[in-house]
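Student: Those sequence lines, one after another, are chains D and Z. Each step along the first sequence adds one to the number in the numbering used here, with nothing skipped, and position 187 is 187. Each step along the second sequence adds one to the number in the numbering used here, with nothing skipped, and position 253 is 523.
Warning: the hint list may mix true and false statements.
To be verified - Straight line, CA to CA, 30 angstroms or less: simulated DSS-like cross-link-like pairs of lysine-lysine:
1. K8/D to K489/Z
2. K481/Z to K493/Z
3. K493/Z to K335/Z
4. K211/D to K376/Z
5. K211/D to K105/D
6. K8/D to K481/Z
7. K211/D to K454/Z
8. K454/Z to K376/Z
9. K333/Z to K489/Z
10. K493/Z to K333/Z
11. K8/D to K58/D
12. K481/Z to K376/Z
13. K8/D to K376/Z
Everything labelled a hint here was simulated from the structure, so no lab data went into it. Treat the numbers as computed from the prediction; the structure is a model and nothing was measured.
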Amino acid sequence: MAVLDKLKLDGKIAVVTGAGRGLGRAMALALADAGCDIVAAARTRPQIEETAELVRAKGHRSLVVPTDITDPASVQAMVDATIAEFGRIDILLNNAGGATAGMGKPLEEVTDEEWRLGIDTNLSGTFYCCRAAIPHMLRQGGGKIINVTSGFGLRGGRDNFMYTTAKAGLINFTRSLAMTYADRNIQANLIAPGLFPHDNPAMVEWWRGGKFVPMGRLGRDEELGPLCVLLASDLSSYMNGDILALEGGGLSGGHAPTGFAPLLPLKREV
Amino acid sequence: MVQQQFSLSGKTALVIGAAGPLGRALAVALAEAGADVAVSTTTRSQQEEVAANSCANEIWALKRKGFAATIDAASESDVDNLVQRVITEMGRLDVLVNAHDLPFAKPLTEITPEEWRRVVDVNLTGVYLSCRAAAQPMLSQGDGRMINIVSLLAERGMVNGAAYCAAQAGVMNLTRALALEWAKTGLTVNAIGAGWTEGMALLADEESRRKLERYLPGKRLAKPEEIAGIAAYLASDAAAYLTGQVVWIEGGALSHV
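Using the sequences plus the hints, can you model the full thing?
Tutor: Right, dumping it as structure tokens:
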């Protein structure tokens, strides 16, 4: 069982931002399942307390640290609290982010505030977290960074400027992390989740149940867990600067049943 | 537990191209994760036959079922017969790993049309043939995993690599097209983009290997096991929503300008 043994994360300390709900919570619980103690960081205390309770119910320790990742001082305080409690950071999962600021507007209507808030949340927040955590990883002799991008980091979107820009920025930020720290045993990779409605019926309806996704369905939160554990574990020891997209096939051709050119004649003699 | 979602217990896999160090590691990783694994050569050479047999021995040592076959992966009848033998002897086929690899480097003006065809036949057409053969049982099961191993040279060019680079890039986009074609069937198709790995034929020269290691961000080559572990994930139920992707395992080599 050598391959599966590499997935064990017993005793590892994982910091998860945006851990209070949705994919952040699902991934935090998967990391706990694999053996991690979890630092649950997010703005809203009751939500991360709930996540921490779920982690403790699995028999692992959890530290609740209300954190605003757009504020470098708040991020530094979160990392300091982590070190004070656990002494190390093995895994940093930069999950916090948000697509909505300025979304759905043509560029000329996007405000300064929307742009700044979005870039701060999606891009600068990850920079602050990495900057604060990496010295500890170097001191320990290594670590794992998992950043969360999106299909919009690889492709454009109509009336979608801040999010596509920030998520694309994260991809190249992560590649530079890989280039810089690969020889000191830090691996930095990206997850690109597709459409995950988190059991929210409004989201399911908004995304029409995933009818336009090649696989014909939306993602399930629990499907992100194994992927996150994979990137946090020794199984991915030679992945660095790379993207794992879990999205039902949309990126391979476009969100249409036959790829980006849905109306071409489908069968033709050569 | 989350690890259990990676288990391949009860599944049957076929690894084509198991004679090299990477193919061998892929077959062993799937067996370690619980699968029964049949393996084959890519060409009908005695050297490959010996290596594939020894790989099958390792699978048996893990108490998994399997067999080794010697085939020409570019031969339609060889490939069809191999898949049929898997179904007959092992009952089903859940995971197909295409680790075809015929390395080839020559300046374009010196490549003969015969050489070009052979490189494209083994590296690209061979993958088409095995996907076609395996699709029938997988589509009737409504479940299956195809994993195509490509090289960094699918994404980047190399001097004297024209034939090999073209064939590898072909496999990469074949993967995306098949993923879409079968997206609603329960069959997923992904590629693993393998970085520079210990034991590769192209790295036989000590001096060029050392130069390459200095250039790589992590200053080291991949161990075959580091590539193979990801294949175990892609083969598992945990990766059911992952299709049409090239999963690069290259130690940051593609992050490099």
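Student: For each hint, tell me whether it holds in the structure or not.
Tutor: Quick rundown of the hints versus the structure:
1. K8/D to K489/Z: 26 angstroms, holds
2. K481/Z to K493/Z: 17 angstroms, holds
3. K493/Z to K335/Z: 25 angstroms, holds
4. K211/D to K376/Z: With a Cα-Cα distance of about 47 angstroms, the restraint between K211/D and K376/Z is violated, given a limit of 30 angstroms.
5. K211/D to K105/D: 24 angstroms, holds
6. K8/D to K481/Z: 35 angstroms, violated
7. K211/D to K454/Z: 11 angstroms, holds
8. K454/Z to K376/Z: Not OK: K454/Z and K376/Z at ~41 angstroms, beyond 30 angstroms, violated.
9. K333/Z to K489/Z: Answer violated: K333/Z to K489/Z is near 36 angstroms, above 30 angstroms.
10. K493/Z to K333/Z: 24 angstroms, holds
11. K8/D to K58/D: 15 angstroms, holds
12. K481/Z to K376/Z: Satisfied, since the Cα-Cα distance of roughly 20 angstroms is no more than 30 angstroms.
13. K8/D to K376/Z: 45 angstroms, violated
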